[in-house]
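K.L.:
Letter by letter, the chains look like this.
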Amino acid sequence: GAGVSQSPRYKVAKRGQDVALRCDPISGHVSLFWYQQALGQGPEFLTYFQNEAQLDKSGLPSDRFFAERPEGSVSTLKIQRTQQEDSAVYLCASSFDSVTYEQYFGPGTRLTVT
Amino acid sequence: QKEVEQNSGPLSVPEGAIASLNCTYSDRGSQSFFWYRQYSGKSPELIMSIYSNGDKEDGRFTAQLNKASQYVSLLIRDSQPSDSATYLCAVASGYSTLTFGKGTMLLVSP
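Chains P and Z supply the protein sequences, listed in that same order.
Quick note: to get the numbering used here, add 133 to the position in the first sequence (first position is 1).
Quick note: to get the numbering used here, add 650 to the position in the second sequence (first position is 1).
Mixed in with the good hints, there may be bad ones.
Quick partial rundown of chain Z residues pointing at chain P, CB under 8 Å, derived from the structure [said to hold, decoys possible]:
id: 1; residue: L661
id: 2; residue: N672
id: 3; residue: Y721
id: 4; residue: G753
Once the Cα atoms are required to be at most 25 Å apart in a straight line, the calculated BS3-like pairs of lysine-lysine come out as [unchecked claim]:
id: 5; chain 1: P; residue 1: K144; chain 2: P; residue 2: K190
id: 6; chain 1: Z; residue 1: K692; chain 2: Z; residue 2: K752
id: 7; chain 1: P; residue 1: K211; chain 2: Z; residue 2: K692
id: 8; chain 1: Z; residue 1: K717; chain 2: P; residue 2: K144
id: 9; chain 1: P; residue 1: K211; chain 2: P; residue 2: K144
id: 10; chain 1: Z; residue 1: K717; chain 2: P; residue 2: K190
id: 11; chain 1: Z; residue 1: K706; chain 2: Z; residue 2: K717
id: 12; chain 1: Z; residue 1: K752; chain 2: Z; residue 2: K706
id: 13; chain 1: P; residue 1: K211; chain 2: P; residue 2: K147
id: 14; chain 1: P; residue 1: K190; chain 2: Z; residue 2: K652
id: 15; chain 1: Z; residue 1: K717; chain 2: Z; residue 2: K652
id: 16; chain 1: Z; residue 1: K752; chain 2: Z; residue 2: K717
Read the hints as simulated data drawn from the structure, not as lab findings.
Virtual Cβ for every residue (Gly too), placed ideally from N, Cα, C.
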């Protein structure tokens, strides 16, 4: 595809439900990032993959958050037992390699926890 | 903790004027600097990157970097109403994780 794609674009979950957010990066991009963006704020780093290896997960806010990229392409961000404070836009970005810092963002998934 | 500071605005300029957006950062080890444009309800779009001190021009956009002062700026010449958006400054250090500012809202009036 031409750009980063994410699905679903919108997700409404009841508090306590588990959700899974998918990211399909630009073809051939080695690095993949997840960010969380609250209303009126800049994106905040969650986790980083280089190919299938998760090299940094320091931004994940709790152990309810889990991310994977098993084949080095598509990635899934899973949130277990969702809470209202998890409501945000979840952005995925990819970059060509671990040296090129230019990251390209997908459209995001807006998660609303009721 | 790495911080990136931006004036939240809004910065209001008339059509055709120069818009000047500023950003400061706390980590002296930062190596790469980016400006993203974000329209309301959309995701960030990369518009400029700069890696060394000085100016970098791309069309109507000029990015300026001063590492000694830990300062990055973006100039938009001949501002258009379509430039109205939130502009996010992002800084990378280490491998490639970006630290973003909160963004400056720019309003260009016809």
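K.L.:
Any of the earlier hints contradicted here, and which numbers?
P.N.:
1, 2, 3, 8 and 10
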